[in-house]
Amino acid sequence: MGQEQQNSNTAQKESFSNGVKGMTIIVKTISIWVKVLIFLFGINIVLFGHLTPGGGFAGGVILASSYVLLMLSFGREFVEENLPLPLASKLDCVGAFMFALVAILGLVFGGSFFVNFLYQKYLPGQPLHLISAGTIPLSNIAIGLKVGVSLFLVTLSLSMFKADLSETEKE
Amino acid sequence: MIRVLPAFVLIPLVSAFVLPIFGKKGKSAATLLANLVTVVLLVLAIATVGKSGVYEVGNWSIRVGIVLVLDGLSSLMLLVISVVSTASMLFSTRYMEQYTAKSKYLSLFMLMVAAMNGLVISGDIFNLFVFLEIASLASYALVGFGCEHEELEASFKYMVLGSIGSSFILFGIALTYGNTGFLNMAMVSQAIQSSGLNPGLAFALALFIAGFGLKAALVPFHAWLPDAHPSAPAPISAMLSGIIIKTLGVYALTRIVFNIFGISVTLGWLLVVLGLLSMFVGAFLAIGQWDLKRLLAYSSISQVGYVVLGIGLGGLIIARGGNLAWASLAILGGLFHLVNHAIYKSLLFLTSGSVQMSTGTRQMRQMGGLAEKMPITRAACTIASASIVGIPPFSGFWSKLILVVAAVQAHFYWVAAIIVFVSLCTLIMYLKVQRYVFLGELPENLRQIKESKGTMLVAMVFLACLCMLMGLLLLVPSLKANILDPAVKVLTSGPAYWSSLFNI
Amino acid sequence: MPYALCFLLFMIGLYCAVVKKNMVKIVLGLAVMEYAVNLFLIMLGYRTAGIAPIIDKTYIESGTNRVVANFINTAVDPLPQALVLTAIVISLGSLALIISVCIRTYKKYGTFDITEIRRLKG
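Chains as they are written, first to last, in the numbering used here: chain A, 3 to 173; chain B, 512 to 1015; chain C, 1236 to 1357.
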């Protein structure tokens, strides 16, 4: 009985750590937990960009690095199933569109390009709260989405190069 | 009209993000959209002629915000950019069928056009740097688009030298900000005029000349150009040689030297010497080339030398306190040569692309006798060659005539002699092109080639007609007064120019 | 004095980009140059005994929405920090592009040595 359990345990461990390439099981377990925390931290930095240091770009880099952590510990295919390349490209374009939309809405509602129309007319909010500074949080969210997805795509593409290289070396 | 100014940057930028969505199935829809965007930009650029003004982005005043400035020089450059990009886009609808990933090409192309438009209308120096970097990045990616051996090597060399140039420019901007405390061009020039040139600002000026000289491929910073321009696909070579080295290099250099720092005698002599060196080195190295596009690239270096020589000569005359009319004539010659060169050099690169697509090679020794098989390409190439050499009544003749007359009038007789001598060298190199590519005997393996089809012909004919009609831009007084004279006036008024726009 | 050290770092990066023969070392030289320029730009904004330019509750006058004058007099200049953010993003994009060109060149030519990658001559 103990022998069978031991066998199934090792079989499980092997399938988990050898069937998919990547690092050891300790690294994989911890990285799943930590990835969620990093992602949440990145969202915090993006969303409060008008109150604390950070903003769109820094938050986007943190969001991308959470996926890069998964890529390093599990291997490229695992991450590619969760966030495939065409979907990432579309998200990229959506992020850029949101930013352009915020700028054009400034033209429509405010009279000049990129005017902070929410702060001046519709939704001034309280200073030092989350809803303040008008369109700046919206721009931060758009930039965070775009930069995060772009860096993720860059790392994914560069890792695809490496896969081709090691195959040609094997030949 | 001023309220439409952000559209020059916004329309190509939004289309650059829309185009990858089309993917493989909507390739013809994507191409149609891209062509439509360039035609719309051409119409808008024609509508800006003769107007000037300031647009404050976000309703922030000029002391704290970003401004977009439209003046004579900007509208001239916008016209040139939109004409060449329309022709290149028309040409590339058919030419880029040889490559895969056409939607990425279109998206990068639109990004490059948006960045160049933004560069010529920006009113503060850091915004200029950001747009310069966007255009440079898009062009690095486009030069290596085919991912073959030569293209990757050329792209690497171009990228290394371009990044070094951009670092120089950013260092210069940092020094300028540290010494004056402003980034807006008008406020910076006001601060420099009132405080004079301390060593920090002089060093910043030297860094600017090195950085923008690297982007404009002035000798001794020209090492990337003969590798990058031949390896790029033909419409991208046309854009690179026709507009990028001129907006990123010459336009930015003249804006900074004339309107912000104020021209002085040393600076004028420096520009004249750089121009003369470029003319010589470009012409002599081009005569010995056997690769068609490499010859055209070296000839680009030489012709940009003409532009910088004309502008430097005008600046030198102003700095010495000479006759303002002579200086205006020299600057008019330089700017008109810039416009002409954009048009006929892009036409030459487009014809070379058409030849390359039909024969499959770029080496002139393997071509010959293409005149009977490709008559329209041959006619366009002959018109462009006649323009660049300076045969009347084509466009190049008028700009070279103005340069020679300006040099003689200001008693720089040796400069006029050198201009004529380098024109003779240009004649030699283009006779070589005509003889080896189009005249002579048709080799065996090229008997089956046919003329190019469709939009490639339309683009080449469009540019050839413009080549022939460019002389009218100078001779018809209303066109000259509306298009060319405001640009000259911007440069000759120097740092005092901003007070007319801003009321500060 | 720190400015001269920044310039020394810039020169080191320039030397590396010009003299070295390995493509990846050239790219590292470019990266060091860009770091030096960003460092110089940030140091320009420094004010002796300055505070970080972040507004929180203690710096707003009670009742109104205005900032205390003490904050404006002691805060470090935030404009170069915004410029440096932009410059870092640009250099990131440029670095990603040049590294991918290096990798593709290695696949085609088989070497990273620039003296052997010389098909374009003359």
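Calculated directly from the structure, the hints in this document are not laboratory data.
Bear in mind that the values here come from a model prediction, so they are computed numbers and not experimental data.
Do not rely on the hints blindly, as some may be mistaken.
The calculated DSS-like cross-link candidates involving lysine-lysine, where the alpha carbons are at most 25 Å apart (straight line), are [unchecked claim]: (1) B:Lys615 to C:Lys1343; (2) B:Lys991 to A:Lys92; (3) A:Lys92 to B:Lys535; (4) C:Lys1356 to C:Lys1292.
> Which earlier hints can't be squared with this structure?
Replying inline: 2 and 4
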